[in-house]
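Number of protein chains: 2
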Amino acid sequence: MAKISSPTETERCIESLIAVFQKYAGKDNYNCTLSKTEFLSFMNTELAAFTKNQKDPGVLDRMMKKLDLNCDGQLDFQEFLNLIGGIAVACHDSFLKAAHPQKRI
Amino acid sequence: MAKISSPTETERCIESLIAVFQKYAGKDNYNCTLSKTEFLSFMNTELAAFTKNQKDPGVLDRMMKKLDLNCDGQLDFQEFLNLIGGIAVACHDSFLKAAHPQKRI
Chain L
1 MAKISSPTET ERCIESLIAV FQKYAGKDNY NCTLSKTEFL SFMNTELAAF TKNQKDPGVL
61 DRMMKKLDLN CDGQLDFQEF LNLIGGIAVA CHDSFLKAAH PQKRI
Chain W
1 MAKISSPTET ERCIESLIAV FQKYAGKDNY NCTLSKTEFL SFMNTELAAF TKNQKDPGVL
61 DRMMKKLDLN CDGQLDFQEF LNLIGGIAVA CHDSFLKAAH PQKRI
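Chains as they are written, first to last, in the UniProt record's numbering: chain L, 1 to 105; chain W, 1 to 105.
Hints in this document: simulated from the structure, not taken from any laboratory. Please read these numbers as outputs of a predicted model, since none were measured by experiment. Where hints are given, some of them may not hold.
What the hints assert, rightly or not - Okay, the calculated bits of chain L under chain W, using three or more residues with CB under 8 Å as the criterion:
id : segment
1  : 34-41
2  : 62-71
3  : 84-97
Said to hold, decoys possible - In silico BS3-like links for lysine-lysine, alpha-carbon gap of 27 Å or less:
id : chain 1 : residue 1 : chain 2 : residue 2
4  : L       : K36       : L       : K55
5  : L       : K23       : W       : K27
6  : L       : K36       : W       : K97
7  : L       : K97       : W       : K97
8  : W       : K27       : L       : K27
9  : L       : K66       : W       : K27
Backbone N, C-alpha and C fix where the C-beta goes; we use that ideal spot for every residue, glycine too.
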């Protein structure tokens, strides 16, 4: 039998992203996409540190519209990953700016 | 003092992706991008389950070229995330096909 080694950090991340998406996408009967309600539930639970500081009540509506590239009123997994990627890039830029305050990056 | 709650699964993923990128991007003196050598090191360590099954020795070369959207011979964090996103979408599609073998998705 082939030995199954423990997953790497990157493999764990990929598994987690799929699991989190499935957790929220599966709240209604269709687990391939996030509906607006599921998106709000995801944002207010998983990214509450971001949403609770938003004073503008329309920000999540606008985010959903911007992320919904094919305008079907739902977010598929690729559209969801674009959200995660956008946040990750913003965090990474802040990290680099904090690490190299003199450099323009 | 404000209470710092433990990170959510999504926040942990974002932190991990930045940490993994920084780990490999920081192997030379420039930690903003993955050089070709750093990309190969990342692929052969973090995604070894994928690379060890590749019989074509040129596959990583071609992946690097395809991911390097601005053709500077380096992968920045966004280009790195496109790789992770591509793998995650492929895994998610397999998951949905296995869960719903009759449906076309």
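Need the list of violated hint numbers for this structure, in ascending order. Violated: hints 1, 2, 5, 7, 8, 9.
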